[in-house]
Every structure is written in C-alpha cells, then in structure tokens.
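Trainee: These protein sequences, in sequence, are chains A and B.
Just so you know, we're using the numbering used here here: the first sequence kicks off at 416 and counts up by one.
Just so you know, we're using the numbering used here here: the second sequence kicks off at 110 and counts up by one.
No lab work stands behind these hints: they were computed from the structure.
Note that the structure is a prediction, hence the values are computed from the model and not measured.
For glycine and all other residues, C-beta sits at the position ideal for the given N, C-alpha and C.
It is possible that some hints are incorrect.
From the structure, some residues in chain B lie toward chain A, with a derived Cβ separation under 8 Å [to be verified]:
id, residue
1, Ile126
2, Val399
3, Leu428
In silico SDA-like cross-links for lysine to any residue, where the CA-CA straight-line distance does not exceed 25 Å [claimed, not checked]:
id, chain 1, residue 1, chain 2, residue 2
4, A, Lys560, B, Ile245
5, B, Lys140, B, Asp438
6, A, Lys578, A, Lys482
7, A, Lys568, B, Pro366
8, B, Lys124, A, Asp902
9, A, Lys578, B, Ser380
10, A, Lys837, A, Ala471
11, B, Lys124, A, His528
12, A, Lys578, B, Pro386
13, B, Lys364, A, Thr571
14, A, Lys560, B, Ile367
15, B, Lys190, B, Pro233
16, A, Lys417, A, Ala506
17, A, Lys712, A, Gln570
18, B, Lys436, B, Pro454
19, A, Lys560, A, Gln783
20, B, Lys364, A, Arg782
21, A, Lys560, B, His385
22, A, Lys578, B, Ile382
23, A, Lys417, A, Glu500
24, B, Lys362, A, Pro565
25, B, Lys124, A, Ser915
26, A, Lys625, A, Thr715
27, A, Lys482, A, Val440
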Amino acid sequence: MKTYLPPKFIVERDTERCIQCQACVSQCSFDVHSYDSEEDDVISQGDNCVGCHRCAVFCPSGAITIKRNPLQYNENYNWQPEVIEDIKKQAETGGVLLVGMGNDKQYRIYWDHLVLNASQVTNPSIDPLREPMELTTYLGCKPDKLDIGPDSKLQTELPPQIKLEVPIIFAAMSYGAISLNVQKSLARAATEMGTLWNTGEGGLHPTLYKYGPNTIVQVASGRFGVHAEYLDAARAVEIKIGQGAKPGIGGHLPGEKVSDEVSVTRMIPNGTDALSPAPQHDIYSIEDLSQLIYALKEATNYSKPISVKIAAVHNSAAIASGMVRAGADIIVLDGLRGATGAAPKIIRDNVGIPIEMALASADNRLRQEGIRNRASIVVSGGIRNSGDVVKAIALGADAVYIGAAALVALGCTVCQQCHTGKCSWGICTSDLRLSKRINPDIGASRLANLLRGWSLEIKDILGGMGINALESLRGNRLQLRGIDLTDTELQTLGVRMAGS
Amino acid sequence: MKELKRIQNPYNEAKVIDACSVFGMMDQSGKCFSGEGVIRAIANMHDRGNGLGGGFAIYGLYPDLADYFAFHIMYLSVQAKKQTEDYLNKKFAIIQCEEVPTQPTTTINDPPLVWRYFTSCNKPPVKEFIEEEYVISCVMEINTGIDGAFVFSSGKDMAVFKGVGYPEEIAEFFNLKQYMGYLWTAHGRFPTNTPGWWGGAHPFCLLDWTVVHNGELSSYGINRRYLEQFGYKCTMQTDTEVVAYAIDLLIRKHKLPIEIAAKILAPPLWSEIERHPKRERELLKALRQVYGSLLLNGPFTVIIAHHGEMIGLTDRIRLRPLTVGTKNDVLYLSSEESAIRLICPNLDSAWIPMGGEPIIGRLTERQPSSPTAEGVGSSAN
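Construct all of the structure, not just a fragment, from the sequences and the given hints.
Mentor: Here it is as structure tokens:
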C-alpha cells in the first residue's frame, strides 16, 4: 500500500561543504543517507528521517542541516497534522500506534509554575563554596520514635536504610530495552556518585553483579531474570506495578531483540517474545501486594528495603497509603511524563496524572495518617533539571528518579523512536553495531558529570534559602510559591500564591 | 473559634518573623535572687529589640504554692475574664486567685488585664489521666476558644510576664524587681511584620517549659508539618512555637534526654558523625535519619528552661550569637557578652559555645541555702 504520509523532516546537504566521507551513511540507522559510487556522491532522502541529528553531529564538515517539514495543511485547531498522520498510519497498518519516550502533549508542567525562595535580611543565605552543604539522604522505613537507654545507647533497631550522596537515582530501564553498554554506564556512574541505578524488568547481566551495592533490582509482572542471587546482589528490591508512560499496560520485548545475552539475563529462550502481563498475576489486591512484599523481605532476610512502584493515577494518594501499610519501605510514583522504551501512543498520551499533583497529595495523605516516616517517597517522570529536583523535594519527595534525562546525557535527542530498536545513538537498541556507539567509560563520565553539576546547583539553591541540609527542604512547601495557578491547583499542591 | 493566627499574624504571612535579644540567668545551687540584674542586662541590649515585645520567665517564684498550676492569663475584656473563669472553675479547683499587680508607667499604653490563678486539676473519670495533657488541652481551649483571653503561662512554681514594649518597660510595669527566683530568662523582641500583640511576646510557655528565641527558621515549613503529624496545632505561626512543641515532643513524649534533643535540633554534620566511634556514630546517624524533619535550619539562638534546667543552644553553624558566663554557681546566657559583664564584671569564665553545642545549667544535688526557695526543684525532672 502506498503510504500517504509526508516526510517529517527535510535533510539539507550543503554540497560546497560535503566531502563525500560517508560518515552520515554509516551513522544513520534509518537509511536516510546513501552513497552512489558511480557518481561518487552522497545522497540524502528525507523520507525516513526521524530528526535524531546523529548525522548532523558527526558530519566532520558541518554540511548537514535537518529541518522540520513545515507541512502547511489548511490551519485547523482540531485537525492538527499529528492527528491526521496518526489516522493515516492506522489506516495503512490496522494496528495500535507504538511510540517511545514520554508524553509530549501540552499538559501543564507544574514545575514551571512553582518558584523558589531565597533569604534576604532576616536570615542569611549560606555560601556553599565556603560552608558545608549536605545532600545526604537515607531511603527506607523510619520508626516513629527512638528509644535511648540510660547510657545514651540506641535501643531501637532501624529497618535497613540506603544512603544516597545525591538524591537522584537512575530510573528503571531494562537490558533489552536499553543496551548493556548503557546499563554499564549507569551502574558505574551510580557507584562513582554514591547513588543507585535500577535494572528494570530485564534481569541483571552477569557482568553487572559487581555493581550490586548500587543496584535496585526489579521484580515485575513477567518475573524475568528473578532468582536468589539476583535478589542477594541488590541494594534494594523494587516491585513494579506500573509505569507512568503506560499505566495499566504490560510490556512486550519482541523476539528479534532477545539475543543470546538478553536470553541468558532474562532467563527465556533465545528469540522468543518477552511478554510482561499488564497486572502482576499474583497481585489482584492490596493484601496480595503485602504478601509479595513480605515474600521478598523473607527471601532477603529483612536486609534490604522493598520498594513498590506505581504509575501516578487518580487515586494514587490512597493507593500510596495502602502500599505503606502493606509494608513497602519505599514508594515510587511515576507521573504522566514518565518515559518508556515502547508504549501504545494513545495510552502514553492520555493516561495518568501529573507527578507534581500525585506527589503533593500522596505526601499529604501519608502525613494526615501519621505514616509518612514509614516509607520514603521517590518520584519520577519528566524531571529535567536540578530545579525540578529541588521543587520535588520541597513538595515532599525524598529523592527522584531520572530516566530520560540520563539518556539525554548519553546523547539521546528525544526523537521518540525507542520502540523501533534502531536508536542511532546506540542507547535504546540491542543491535550490536549500534550499541557499540556507547562507550561505558565515556558514558559513565557523562552521567557522573550530570549528577555533579546538578548537585552543585542544588547546593547553590539550598544555600540561597539559608538551608544547609537537604532534610530541612524535604516537604518544606513554604519554600515554594505558585504562579499562574488556580486556587484548586494551589490547594492540591499545598503551596501559597506568589506574593502572599 | 477564635483564630490566633489572625491576631498574631494580621497580614497572613507564611510565618511571623522576628529577631531579638535573649538573656538567661540561673543559680544552680537553687538560691533565689531578685530580677534587678536580669532587667539591667536585658535593658543593655535595648537596640536588639524595637519595643514591640518584651518578657520574662521566673522559676522558683511561688514556693508557698508550688504544688499548684499557676495560670497567668491576660484578658482584653471583662467578658473574656468571666468566660475563662467559668471554664477554669469547671476544669480546676481554684485555690487562690488575684490580679497580677502592675504599676502605671509612661510607656505602656492600653495594657490588658492580667490575672493569676493557683489551681489543681478536677480529675475526670478516665482510666489513664495524664495531668500534663489535661492542662495543655485546657490552655489550648482557652487560647483558641475564648475571645480576648490568652494564657501567658501554666506551670507550677513559675510564671511568664510579658507584653508589648521594651523588656525593661514590661519589667517596670509588672514591678518584677520585687520577685525572687532561681532561674530567670528574658527577651526583647524585634518583629518585622506584626503590630505587636501581648500574647505574641516571648517567653512562649507550655506547662513549665519556656522558650525565648532569637532567629528565623528556614526549615519552619517542614518542622511544622512534622509536628502536625503528632497533633500539635501551630496556631501562632512563629518559629518559637515550633521550638516549644519540638521540645515537648522529644523530651516529654518521647522521653529523650535534653542532650539528645539538642543533637536533633542542631545535629552534627554527616562528615562529623562519620568521625565518631561506632556506638555514638550509630546513635547520631539514627537521630538524623528518624528526626531529620526536626532539624532547626537557619539562624537561631534559644534559651529553653523548665524547673531545674536551663539550656542555651544555637544553630549548628552559629548564625545567631550566644555567650556563656559563669560565676560560682551562677550560669549566664546572653546574646551579648556586654550584658553579662554589666551585672557581673568579674566572671569566672566567659566563652562563645560552638554552633549546635548545648549549654546546660542544672540544679545541683545540694539543698538550696535560701529559706525562701523552699520547694524549689521539687518538680525538677
């Protein structure tokens, strides 16, 4: 069937600059560039271009420019180009539209409507270059109170705690969805920076066991790669109920991506589809979750915090309360903007709620019930910079997960082609030719640099507020003010209007 | 229900900000002394206040009535007084009551009526009666329920005298020179945003605990949310209130010693904790892990007192001043050394404590030498 879809991008080659080196031909994984040996000419066909800019970055003479195809349809607010093209795609394929990365729609980003405080006159700001500034965070269940013996001896035994030097963790991204080299980069950076990375639901490759003390292992609905050594190796175990990009939806790693190595790690036959069911089939209710939490605690001899991750949905505050009462030591809320390796577009773009709202209401609910100390809250889904991190912590989070931001640090340009497996940056692919493009040494250093930069910025912001320990910001919503928000939004966020 | 928030904070600020002078003086032998020196000392720091609040707490004040809760209550109307007394009669047996003597002064305008009541609880027929909880809930009821009434203090054998004015003016108004006590704290206030209200002056009092405070807590937002989980209602929206509730939670409810509580309010840095031997390290680490939301971050100096103890504490990087002086059994705490030197020129020692290091004065075991101080320390600890 002839496709009626117009090209999305126009690839322009400056023939004056082009030296016919064919770098673009080898870099492009979407067959945009080709070399005509008879004419000794490189030809570029915009039809397949996804706008990943790999060729433009690697062109040694700067000859390539990529532009959006202006596609000047008759203007219509209801029938936007994306809507028209989605319909055409489905008319041509008869399937569910798949897409990668997070929700790209114009829902309000509340981080951009929150502003931060600073000290003036009545208290001094603190200069982080000259004074200590503490970001250390401990994740895990805390008792309501401590008992101290007569000789100042601690008599309360604390449940297991995880120390984070920076309150930023790398989000769950499975081997298979991302390449082994990307996981190596994440694991090394997490180890270097004193934080954690998360295996996602793809098992732990044998070469990554040595990073166990900085690893969160996931137990998800497909149970891929879950076995005793896997649990033993980890710092914490995370039960994945859902993810922000596709709440209520399972996963599907196509058989073509299940290579030898993926097969060994996931413990499934080579070349078979890896299907993660939508629900965990042993969790149809909250008491079932409690059983799995305690099964994992028993299996790990109560030595590791158990985390439970859900997508932020309408009643996530009440669910969060249930999770804490079911025994979760860490609860993870993944918001509307949470990214994915592949999800049905209609789900990604329409299901779930903004993480800011989910966080504010869950933190409130746990405090109202007096159980906030019994679990740490980690949020994820669209965290873009250190400002977002600070705002999340002020709203009540203990730490944040970053997924997309980490991948961007490795080269990702958010072209949203993760589901194709053809990632030209070598990130979201199991193609060995492409995944070689990530060098774990360089990758780890880029990721560690990102965390270093954000830490410095967070310290600057804290110092400005006159705060020298992160725990004094956590849940301290007086350090936030809202701009351009309705009364209901301010009330839900628990934040006052700027100027008040 | 009366909204203290409105009275205390008419512009509805997120919190009430003020700065101040603080002074404390304790004879650790339990000997009582008059307030003359304390008044001169706090007056010497006149410029640290702006005349919108001054106050004093005195311990060992009512030795003859030391077994009774001494309520000092201010009234803005006769009706408030009647309503409050009806309420007190229902909840307590009033042994003795009188108007707190005052003298007219040129600078104190339009003062409220201040009365004191010596009372014992009418025990309700409940299984587990906790006297302290009962008194606190009655104080909250009066403060938030009765228009024009506010409880200055509610402890035994102690009282708070405070109001709008410079501390030396308040002292003159209440003629504080005539009173004797073994522990005095004093405060001069510089609020930045309130027109001044008698109830809003320091010391802040809960049972026999008093707090005078100089500072602004940047962590107020989370300190408050944390305390609210334990049922404390921060009706005054001041940092000082948060300090008082934190102390009440940690010491009275969680039964932690004051030294430990100080390590929660102004903990050592993580890097310092790492350098301690294992047992202390585990303790300090657990304190920060569990009570991190009570870390008082931002500049503060507090003098916390109750029967038998006076504690001076600054934030951990000492952004507000505190000087300690000692002379024989007497411990001085002050915002400025000059105030101590003024009343005791030849101190045994004077020093500035490290940030976050608590300075604790305690009654010594030995019996108080002054006969007037009989009963003092009976309720200590």
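Trainee: Each hint should be assessed against the structure and marked as holding or not.
Mentor: To see whether the hints hold, each was checked on the structure:
no.: 1; hint: Ile126; result: holds, 5 Å
no.: 2; hint: Val399; result: holds, 5 Å
no.: 3; hint: Leu428; result: holds, 6 Å
no.: 4; hint: A:Lys560 x B:Ile245; result: holds, 22 Å
no.: 5; hint: B:Lys140 x B:Asp438; result: holds, 9 Å
no.: 6; hint: A:Lys578 x A:Lys482; result: violated, 46 Å
no.: 7; hint: A:Lys568 x B:Pro366; result: holds, 12 Å
no.: 8; hint: B:Lys124 x A:Asp902; result: holds, 20 Å
no.: 9; hint: A:Lys578 x B:Ser380; result: holds, 13 Å
no.: 10; hint: A:Lys837 x A:Ala471; result: holds, 17 Å
no.: 11; hint: B:Lys124 x A:His528; result: holds, 22 Å
no.: 12; hint: A:Lys578 x B:Pro386; result: holds, 19 Å
no.: 13; hint: B:Lys364 x A:Thr571; result: holds, 13 Å
no.: 14; hint: A:Lys560 x B:Ile367; result: holds, 15 Å
no.: 15; hint: B:Lys190 x B:Pro233; result: holds, 24 Å
no.: 16; hint: A:Lys417 x A:Ala506; result: holds, 11 Å
no.: 17; hint: A:Lys712 x A:Gln570; result: holds, 23 Å
no.: 18; hint: B:Lys436 x B:Pro454; result: holds, 10 Å
no.: 19; hint: A:Lys560 x A:Gln783; result: holds, 17 Å
no.: 20; hint: B:Lys364 x A:Arg782; result: holds, 22 Å
no.: 21; hint: A:Lys560 x B:His385; result: holds, 22 Å
no.: 22; hint: A:Lys578 x B:Ile382; result: holds, 14 Å
no.: 23; hint: A:Lys417 x A:Glu500; result: holds, 14 Å
no.: 24; hint: B:Lys362 x A:Pro565; result: holds, 16 Å
no.: 25; hint: B:Lys124 x A:Ser915; result: holds, 11 Å
no.: 26; hint: A:Lys625 x A:Thr715; result: holds, 18 Å
no.: 27; hint: A:Lys482 x A:Val440; result: holds, 18 Å
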